[in-house]
Amino acid sequence: MQDEESLVRRAQQRDQEAFAQLYEENFDKIYRYVVLRIGNKTEAEDMTQQVFLNALKSISSFKWKGVPFSAWLFRIARNQVVDYLRKKAKQATAPLDESLASSDSRPELVAERSLDIEQLLLATKQLTTAQREVISLRFAGELSIAQVAKVVGKSQGAVKALQHSAIVALRKALSVE
Amino acid sequence: MRKSREFDTILDECLERLLVKGETVEQCLKSYPEQADELKPLLQTALATKKASAIQPCPEFKVRARYQLHSALQEMKSKKTIGKGGDNM
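Going down the list, the protein sequences come from chains A and B.
According to this note's numbering, the stretch in the first sequence is residues 1 to 177, in order.
According to this note's numbering, the stretch in the second sequence is residues 1 to 89, in order.
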């Protein structure tokens, strides 16, 4: 954590190498989180890039409070996802990602087969927004329960309950497909 | 309600062991034999979800994204340099 703190301080002083390191360490996790939230890999690429460009612009406002820098990045990503979904909801019918439309959905249990990202994305559409957010941050973003709680502004108990109900719902969605 | 909260905590502990520490489903179930029947399908689903969500952005995109970031960093650096020059005048 001490290393990350000094890295962030250097990045705040416009040290390019430091920011690039933070970028490399977090890029894939943010991308995975965005993919799971919006269900579209192509749009997730653009959005992920925008998260880091926005982070670069506002890194001077980041205040170190012992919370990992990634939690701050996930908050930026979360705000962008919320904006994106709000705009998308206004459009009549959201087209399904081509890769999702072609996914195989045979009626097998998840434990008996390896799940791929397209099947997972289809299944996550059965979750509530809050469940999907927790699953995306925990599994794709690799945040702890405490970090997820900070990002979404809920108690750890509430996040644990959402995690539980989300896994139950995923299990159900994957079993009946 | 209390029982449900306890199970949520047990599930989360098992998830940490399974997904972060690399333990197996069986090892987790051994620690909680009374909850094993309920835990097993959830841990299996969680494990499959974790594996499926471990996707990588495509390499071409990563190259393009890195280039854009470095351009933005350079732009900021040059603005800062110009700003400093202005301050000294």
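Hints are supplied without guarantee of correctness; some may be wrong.
35 angstroms max Cα-Cα, derived DSBU-like pairs, lysine-lysine [to be verified]: (1) K62(B) x K125(A); (2) K21(B) x K63(A); (3) K90(A) x K62(B).
Pair ranges (Cβ atoms, derived) [what the hints assert, rightly or not]: (4) D37(B) x D83(A): 34 to 44 angstroms; (5) D37(B) x S61(A): 19 to 29 angstroms; (6) D46(A) x E38(B): 13 to 23 angstroms; (7) K79(B) x R86(A): 27 to 37 angstroms; (8) E16(B) x S175(A): 18 to 28 angstroms.
In short, the hints are calculated from the structure, not lab data.
These numbers were taken from a predicted model, which means no experiment stands behind them.
Using N, Cα and C, we set each Cβ at its ideal position, and we do this for glycine too.
Can you tell me whether the CB distance of K79(B) to R86(A) sits inside 27 to 37 angstroms? 32 angstroms, holds
S175(A) and E16(B) - C-beta distance against the hinted 18 to 28 angstroms: Check passed, 25 angstroms falls within 18 to 28 angstroms.
Can you confirm whether the C-alpha distance between K21(B) and K63(A) stays at or below 35 angstroms? 30 angstroms, holds
Given the hint of 34 to 44 angstroms, check if D37(B) and D83(A) actually sit that far apart at their C-beta atoms. 42 angstroms, holds
K90(A) and K62(B): Cα distance at most 35 angstroms? 31 angstroms, holds
Please work out if K62(B) and K125(A) have their alpha carbons no farther apart than 35 angstroms. 27 angstroms, holds
Hint check for S61(A) and D37(B) - Cβ pair distance inside 19 to 29 angstroms: 49 angstroms, violated
Does 13 to 23 angstroms hold as the CB distance between D46(A) and E38(B), or does it fail? Since the Cβ atoms of D46(A) and E38(B) sit about 41 angstroms apart, the hinted range of 13 to 23 angstroms is violated.
Hints 5 and 6 from the earlier list are contradicted by this structure; the remaining hints agree with it.
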